[in-house]
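Undergrad: Chains as they are written, first to last, in the numbering used here: chain G, 1 to 259; chain D, 1 to 249.
Honestly, the hints are just simulated from the structure, not real lab data. Treat the hints with care, as some may be off.
Stated by the list, open to error - To list a few chain G residues with every Cβ distance to chain D over 12 Å, as calculated:
(1) Leu34
(2) Leu65
(3) Met72
(4) Phe78
(5) Leu79
(6) Met171
(7) Ala195
Unchecked claim - Computed spacing ranges between beta-carbons, pair by pair:
(8) Arg178/D / Arg181/G: 43 to 53 Å
(9) Val193/G / Asp220/D: 46 to 56 Å
(10) Ile159/G / Ala229/D: 44 to 54 Å
(11) Arg199/G / Ser130/D: 28 to 38 Å
To be verified - So, partial list: chain D residues that the calculated Cβ filter (under 7 Å) puts toward chain G:
(12) Val57
(13) Phe88
(14) Asp93
(15) Gly107
(16) Ala109
(17) Ala140
Just so you know, even glycine gets a beta-carbon here, dropped at the ideal spot from N, CA and C.
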Amino acid sequence: MGAGHAHPLYRDGHSPIHRAPAEVKIVCLVLFVLAVVATPRELFWPFGIYALIILIVWRVGQLPLRWILPRMLIEAPFLVLAVLLPFSEGGERVEVAGLHLSVSGLYAAWGIVIKGTLGVAASLTVAATTTARELPLALSRLGVPPMVTSMLTLMIRYIDVLTAEVSRMRMARVSRGDSPRALHQVGATAKSVGALFLRSYERGERVYLAMLSRGFDGKVPQLAVGVGSAAPASARQWVLTLLPAAAAVMVSVSAWVAR
Amino acid sequence: MTHTPGAIHIEGLHYTYPDGHVALGGVDLTVAAGERVAILGPNGAGKTTLMLHLNGVLTATTGSVEIAGTPVSRKSLRDVRRRVGLVFQDPDDQLFMPTVAQDVAFGPANFGVRGDELAARVREALDVVSLTEHADRSPAHLSGGQRRRAALATVLACEPEILVFDEPSANLDPVARRELAETLLKIDATMLIVTHDLPYAAQLCDRAVIMDHGVVVADDAIGAVLSDAELLAAHRLELPWGFVVPARD
Numbered sequence: 001m002g003a004g005h006a007h008p009l010y011r012d013g014h015s016p017i018h019r020a021p022a023e024v025k026i027v028c029l030v031l032f033v034l035a036v037v038a039t040p041r042e043l044f045w046p047f048g049i050y051a052l053i054i055l056i057v058w059r060v061g062q063l064p065l066r067w068i069l070p071r072m073l074i075e076a077p078f079l080v081l082a083v084l085l086p087f088s089e090g091g092e093r094v095e096v097a098g099l100h101l102s103v104s105g106l107y108a109a110w111g112i113v114i115k116g117t118l119g120v121a122a123s124l125t126v127a128a129t130t131t132a133r134e135l136p137l138a139l140s141r142l143g144v145p146p147m148v149t150s151m152l153t154l155m156i157r158y159i160d161v162l163t164a165e166v167s168r169m170r171m172a173r174v175s176r177g178d179s180p181r182a183l184h185q186v187g188a189t190a191k192s193v194g195a196l197f198l199r200s201y202e203r204g205e206r207v208y209l210a211m212l213s214r215g216f217d218g219k220v221p222q223l224a225v226g227v228g229s230a231a232p233a234s235a236r237q238w239v240l241t242l243l244p245a246a247a248a249v250m251v252s253v254s255a256w257v258a259r
Numbered sequence: 001m002t003h004t005p006g007a008i009h010i011e012g013l014h015y016t017y018p019d020g021h022v023a024l025g026g027v028d029l030t031v032a033a034g035e036r037v038a039i040l041g042p043n044g045a046g047k048t049t050l051m052l053h054l055n056g057v058l059t060a061t062t063g064s065v066e067i068a069g070t071p072v073s074r075k076s077l078r079d080v081r082r083r084v085g086l087v088f089q090d091p092d093d094q095l096f097m098p099t100v101a102q103d104v105a106f107g108p109a110n111f112g113v114r115g116d117e118l119a120a121r122v123r124e125a126l127d128v129v130s131l132t133e134h135a136d137r138s139p140a141h142l143s144g145g146q147r148r149r150a151a152l153a154t155v156l157a158c159e160p161e162i163l164v165f166d167e168p169s170a171n172l173d174p175v176a177r178r179e180l181a182e183t184l185l186k187i188d189a190t191m192l193i194v195t196h197d198l199p200y201a202a203q204l205c206d207r208a209v210i211m212d213h214g215v216v217v218a219d220d221a222i223g224a225v226l227s228d229a230e231l232l233a234a235h236r237l238e239l240p241w242g243f244v245v246p247a248r249d
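Please put together the full structure from these sequences, using the hints given.
TA: Below is the structure:
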């Protein structure tokens, strides 16, 4: 599917991971993350295997490291907390390069960093291989209520329209000598937020009228396969796509047994 | 009164908005099946309000609207909406699904079309507006002209007998404007075109209705209406500089 200029987290491709049904990828992601989170942090080898699983998936999905690693910086703000833990926690201490660090704090920090990193890596993998337009249908197949998926559908579509509107309004203000960073002009910014709310509200009403006039009765109908909606996943696709999650669950269980 | 598919009969239509503003003050209008009628008039004349009555998005305060002999009422709503397709002014209001194909499928799917027939409807509608190769793109990534034609396809896929357009040529560059006109001329349906673009009305329609202050003030052949400079001027309409209404056969 030629998505044109899609989301920066999406990487267009035709790999088996791209073709895997979105609903199964979501289930696989959730299971994988649960398995990682449930693994005791005192062991190191399970996390090595998890990382290996992700590397293999990236390889199959043709996601180059230099493309995906910079995107993993999203998690940086969360790591700040982890860095503080070895200093703030109490209990037994060790000396590393002249610093007295808490052992339990070090373990906690390691747990946060490695589990967070694996979680972000797995989520980015799904994001990089799944387009936003596949999500509503995938979620509705997983039993998410139609109200929620309709909201998601509208959000996916109108977030761009709204962003464009915001930047047009901003440009019109700036071209009349406004500098949005100056404190004394915060009033103008606040008013344009208000204006944007009203415009969005009115647009929402017009969109609803247009939907009504095409026979909308509150439910987004099931569309035909081939009309931008993929066939539901087959049993074989479920099994194949869940392989990474199955491997992770096995690793997690063995970790608990081995401990 | 007529029972032909594609015919419109409006009698004594009044509509008052909840805030008390009277938008329509007694509209009478009959359109025969297959006619192409331009609805002209200044801003605030009630043109869009009239359009919203044609498929029951708004319901008359008093008076009646009949589509193919069936009065528009709560009971006939679904049938009326299948027969009458509205193409809104801003395609961003009309196109709300993640891809063009899904949006085109939305209308017919609401009317119970499923499976292969739905896929066929989508293909045909996209073919009429020459957007087949853009089926799986997001409407956000189309040009203005393509978006307008996509909005038309979403309505055509419902196979309406009557098509109603709100300012179809607004915000289009000259080529997109001509391409849309060419598309419209090959569609076989009753058409109501609400517009300020008088040359466009002259090109597409046989008959023109002028509305002002919520009532119909003129109703005649398009050539006669557009040649009456006094009538046009009285309702804040005028032909663009240099435009001469072409003679009709």
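Undergrad: All hints are to be evaluated individually against the structure, with a verdict given for each.
TA: Hints, verified against the model:
Leu34/G, annotated as away from the interface, keeps every beta carbon of chain D farther than 12 Å; the closest lies near 29 Å. Distance to chain D confirms Leu65/G as a non-interface residue, since its nearest Cβ pair spans about 29 Å, more than 12 Å. No Cβ of chain D approaches the Cβ of Met72/G within 12 Å, the least distance being about 26 Å, so the stated non-interface status holds. Distance check on Phe78/G: its Cβ is at least 30 Å (rounded) from any Cβ of chain D, clearing the 12 Å threshold; non-interface status holds.
Separation of Leu79/G from chain D is adequate, the least Cβ-Cβ distance of about 34 Å exceeding the 12 Å criterion. The beta carbon of Met171/G is kept farther than 12 Å from every beta carbon of chain D, the shortest such distance being approximately 18 Å. Distance check on Ala195/G: its Cβ is at least 17 Å (rounded) from any Cβ of chain D, clearing the 12 Å threshold; non-interface status holds. Against the hinted window of 43 to 53 Å, the Cβ-Cβ separation of Arg178/D and Arg181/G comes to about 45 Å, which satisfies the hint.
For Val193/G and Asp220/D, the hinted distance range of 46 to 56 Å is satisfied, since their beta carbons lie about 49 Å from each other. Judged by the Cβ atoms, the range 44 to 54 Å given for Ile159/G and Ala229/D holds: they are separated by roughly 48 Å. Between Arg199/G and Ser130/D, the C-beta spacing of about 32 Å keeps the proposed range 28 to 38 Å intact. Interface hint at Val57/D: satisfied, since its Cβ lies 5 Å from the closest Cβ of chain G, which is below the 7 Å cut-off.
At a threshold of 7 Å, the smallest CB-CB gap from Phe88/D to chain G is about 5 Å, leaving the interface hint in force. A cut of 7 Å between beta carbons decides the hint on Asp93/D: the least distance to chain G is about 4 Å, and the hint holds. Evaluation of the Gly107/D hint against chain G yields a held restraint, the C-beta minimum of about 4 Å falling below 7 Å. Because the smallest distance between the Cβ of Ala109/D and any Cβ of chain G comes to about 4 Å, under 7 Å, the interface hint for this residue holds.
For Ala140/D, the interface hint holds, since its Cβ comes within 7 Å of a Cβ in chain G; the closest pair sits about 4 Å apart.
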